[in-house]
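Enquirer: Spelled out, the chains give:
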Amino acid sequence: MLDIRSLSKKFGSGDSAFQALKSIDITIEEGEFFTLLGPSGCGKTTLLRLIAGFEQPSGGQLVLDGKDIATIPPNHRPVNTVFQSYALFPHMTVAQNVAFGLEARGTNPAEIAPRVDEILEIVQMAHLRDRKSSQMSGGQQQRVALARALAPRPRILLLDEPLSALDLKLRKQMQFELKRLQRELGLTFIFVTHDQDEALTMSDRIAVMDGGTLQQVADPRTLYDHPANRFVAEFIGEANFLSGTVAGGKLSLSGQAPVPLPHGADASGPVTVMIRPEQVVVGSAGGNAVTLDGQIEALVFSGTDTHVTLRLENGDTLSLRAPNNSHATTTFAEGEPLRVALPVDALRLLPEDIANAA
Amino acid sequence: MPRNPTAAASESAVARAETRRRWSLALPALTVITLCSILPLGVMVAYSFMEAGQYGNVQWGFSLEGWRAVFLDRDFFDDSYIPATAHLTILARSILLALATTALTFVFGIPTAWFIATRPPATRAYWMFLITVPFWTNLLVRTIAIQEVIRADGTLNRLLLATGLIDEPLQMMFTNGAVLVGMTYVYLPLMVLPVYAAIEKFDFRLAEAAYDLHASRLYCLRRVVLPLMWPGIVAGSILVFIPALGAYVTPRLMGGGRAMMWGNLIDLQFGQGRNWPLGAALSITLTLVVVGAMVWYARRAAKGDATNG
Ligand SMILES: Nc1ncnc2c1ncn2[C@@H]1O[C@H](COP(=O)(O)OP(=O)(O)OP(=O)(O)O)[C@@H](O)[C@H]1O
Ligand SMILES: [Mg+2]
Chain A
1 MLDIRSLSKK
11 FGSGDSAFQA
21 LKSIDITIEE
31 GEFFTLLGPS
41 GCGKTTLLRL
51 IAGFEQPSGG
61 QLVLDGKDIA
71 TIPPNHRPVN
81 TVFQSYALFP
91 HMTVAQNVAF
101 GLEARGTNPA
111 EIAPRVDEIL
121 EIVQMAHLRD
131 RKSSQMSGGQ
141 QQRVALARAL
151 APRPRILLLD
161 EPLSALDLKL
171 RKQMQFELKR
181 LQRELGLTFI
191 FVTHDQDEAL
201 TMSDRIAVMD
211 GGTLQQVADP
221 RTLYDHPANR
231 FVAEFIGEAN
241 FLSGTVAGGK
251 LSLSGQAPVP
261 LPHGADASGP
271 VTVMIRPEQV
281 VVGSAGGNAV
291 TLDGQIEALV
301 FSGTDTHVTL
311 RLENGDTLSL
321 RAPNNSHATT
331 TFAEGEPLRV
341 ALPVDALRLL
351 PEDIANAA
Chain X
1 MPRNPTAAAS
11 ESAVARAETR
21 RRWSLALPAL
31 TVITLCSILP
41 LGVMVAYSFM
51 EAGQYGNVQW
61 GFSLEGWRAV
71 FLDRDFFDDS
81 YIPATAHLTI
91 LARSILLALA
101 TTALTFVFGI
111 PTAWFIATRP
121 PATRAYWMFL
131 ITVPFWTNLL
141 VRTIAIQEVI
151 RADGTLNRLL
161 LATGLIDEPL
171 QMMFTNGAVL
181 VGMTYVYLPL
191 MVLPVYAAIE
201 KFDFRLAEAA
211 YDLHASRLYC
221 LRRVVLPLMW
231 PGIVAGSILV
241 FIPALGAYVT
251 PRLMGGGRAM
261 MWGNLIDLQF
271 GQGRNWPLGA
281 ALSITLTLVV
291 VGAMVWYARR
301 AAKGDATNG
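Just so you know, the sequences run in chain order A and X.
Note that full-length UniProt numbering has the first sequence beginning at 1, numbered continuously upward.
Note that full-length UniProt numbering has the second sequence beginning at 1, numbered continuously upward.
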C-alpha cells in the first residue's frame, strides 16, 4: 500500500519558483490499477518521478508499506518504470534489456535466465529475444519496456503514458493486454495518461489532476456520474452546463417551473447544473423533469446515434444524443423546433463553481 | 526461357547508362583521392626504391639502399651490416609517446567533453569555441606558447620559485616529458570533439532508466554510458594517435635533438641527411605501422561485435 501524504513539489526557487504539485493526498491500494489523469502540464509525470525517486519532494511523505521511502534513491526503491520513450538500451538485445534490472541488482545468475524467459513469454516477445532493441516496431518496443520493468518484480509498476506513441488499433489492443497482465499478476499499477477513454476503460480508480492539485479521486463510474466539479465533468466525457437557482429546496432552471432537487443534492443560491448529453430525453419525460424548448442547430451522424445541438430559448446550447435504432420515432432536421426533457435525477449540481461563475 | 533480343539489348543499355552515371557521380571523389592520396603515396614508394642524389633529390635507378638503411646500419669499422637499433629506439619512442599522448588526451579530454556536453545548450557553443580556438592558431605558435610555460625561466618555474616550492628551476625542456606535454596540449581538441559529440548524442533518459532498474552509478557507467560513448572514444583515440605518431614540429621544439621522434627522423633525411630514398622508406614504414594497427583494431572490433551481438 502506497500512502502519499501532503506531497508537494516546487521547482526552482525565488521568483522563478514553480509549484508543480500542491499537497497531494492519495492512498493507493495493493493490486490496484490506479490512473493519474489530467491535461498536459498538470504534474502527472512529476508525481510519478517523485514516486520513482528521480525528484525529491519539497514537502510531505511517501509511505510504502509503512516505511517512508522519500529519501531512498531510485535504484533501491522496489518500484520500476515503463518510460514514455521506452528508453530501451539500444546496444543490447531484447533479452539483455530484460535481464538488466536483475543483473544490476545482483540476482543469482542461475535465476536470471529462467526469469527472462518467463517474462518474455508473458509479453509474447520470446521469439524476438535476440533482436537488438533498435530494430523493432513501436508496439514491440513497448512490450520489451514492459518486460524489462516487470522482470525485477517491483512492488509497484509506474507507467508514464506508455501507449501514447502507438496507433489507435495497437493502442486498444495494448490497453486490453496491460489490464489483463495487471489482473493476472495482481500487481499495483500507477498509470499516467491524458486520454480519458483510456483511463475509464482500464482503471480501478482515477485521480483527476489539474494545475498540480487533485480534483477528484474515484472509480470511473463515480467520476462520470458524480463529478466533483466542473473541471472533472468537462474533462471526463461530454457535459452540458446550465445555470440555475436553488430556493426553498427547489431548483429552477432558465425560467422554468421549480422542480425538486435531485436525490442527495443540497445547495442554495445560484448553481451550475450539469447533465450528460445521453441523459437528455427527446419529447417529454414522465416523473420529475425540466422541459425545455429549442431549435435544432446542428446534426452530426455518428453511427450508433446522432449528435444533436439544440439552441435553447435563452440562447444557451444543449447537446444530446438521439439513438439511431429502428424504433426511433422522431426524425430531425436542422432549424426545426424540438422539445426535450431533463430528468431531475440526471441533473448534477456543482455548487463549488458558484465562486468561479461569479 | 526465350528472350526478346531487342529487349535484352535495351536492358543492358540501361544498365550501362546506370553504370556510367554512377561513375560520373563518383568522379570528383575519385579525383581527389587519386591526386591527394594515391599519387603522393605512389611517388613515395617509387622514391624509396631509387638511389640517393648527391645534393638531396633522387637519381634514376633501382636501389634497395633506402630500405636497407631503415633496418640495417653499416658497421663503422668493418662495413658489415648491423641492425639499425637507433631507428628501432626512435620507432619505439614514437609509438610510446603517441600512446601516452592518446592516454593523456583521454584523461583530460573525457571530463572536458563531459563538462561541455552537460552545460545548458546555449553556453555549449561558447565552451566549444574556447576548445577550438587554439586549433585556428599556427601549430608553431602554439608549441612555442607551451614552451614558454615550461622553460627553465618560464611561467611555471617562476611561479614555483616565487611560491618557494622549489629553489632551483626545474629542467623540463628537451625531455620526453616535455614532448608529451606539448603533444597533449596540441592534440587535446581532437579527442574532445568526437567524445563531446558522443556524449551530446547520449540520451540521458537511458541513464535514468538504468538507475530505475537498480543500477548503481558505476554499474550504469559501465553497462550503459561507456558502451554508447565507445565509438566517440575510439574515433578520438585514432584521431590523436595517428598524427601524434607522425608528429615532428612539437617533438622538435619540445624535445630538441634528444627526444627525437619518427617524424623528425624522416624530416632529417629530406633535409640535412640528403637521403631521400631513406626518408621515403621511413615514411612508408610509418604508414604501414599505422595501417597495420588499424587493421588489427578493426578485426578485433568486428570480432568483439560478433561475440557481443
Ligand atoms: N525540472 C523541472 N523544472 C521546472 N519545471 C518543471 C520541471 N519538470 C516539470 N516542470 C513543470 O511542472 C509542470 C508539470 O510537469 P509534468 O511533466 O509533471 O506535467 P505532465 O502532467 O506530465 O504533462 P504531460 O501530459 O505534458 O506529460 C509543468 O508546468 C512543467 O513545466
Ligand atoms: Mg508527462
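Quick caveat, the hints were computed from the structure, so don't treat them as lab data.
Quantities reported herein were computed from a predicted structural model and do not represent experimental measurements.
Just so it is clear, CB atoms sit at the ideal spot from N, CA and C, and this is done for glycine as well.
Incorrect hints may appear among the rest.
[To be verified] No more than 30 Å apart at the CA atoms, straight line, and that leaves these computed lysine-lysine pairs for DSBU-like:
1) K132/A / K172/A
2) K67/A / K10/A
3) K132/A / K169/A
4) K179/A / K169/A
5) K10/A / K303/X
6) K201/X / K179/A
[To be verified] Partial list, derived from the structure: chain X residues whose beta carbon lies under 8 Å from chain A:
7) S24
8) A26
9) F77
10) D78
11) S80
12) L206
13) D212
14) R222
15) L228
16) L239
[To be verified] Computed from the model, here is a short list of chain A residues facing chain X with C-beta under 10 Å:
17) F54
18) Q56
19) S58
20) G60
21) Q61
22) P343
23) V344
Enquirer: Taking the hints in turn, state whether each one holds.
Expert: Here is how each hint holds up against the structure:
no.	hint	verdict
1	K132/A / K172/A	26 Å, holds
2	K67/A / K10/A	23 Å, holds
3	K132/A / K169/A	25 Å, holds
4	K179/A / K169/A	16 Å, holds
5	K10/A / K303/X	51 Å, violated
6	K201/X / K179/A	35 Å, violated
7	S24	35 Å, violated
8	A26	30 Å, violated
9	F77	62 Å, violated
10	D78	61 Å, violated
11	S80	57 Å, violated
12	L206	5 Å, holds
13	D212	5 Å, holds
14	R222	10 Å, violated
15	L228	6 Å, holds
16	L239	22 Å, violated
17	F54	6 Å, holds
18	Q56	14 Å, violated
19	S58	20 Å, violated
20	G60	21 Å, violated
21	Q61	21 Å, violated
22	P343	50 Å, violated
23	V344	51 Å, violated
In this structure, the hints that do not hold are numbers 5, 6, 7, 8, 9, 10, 11, 14, 16, 18, 19, 20, 21, 22, 23, in rising order.
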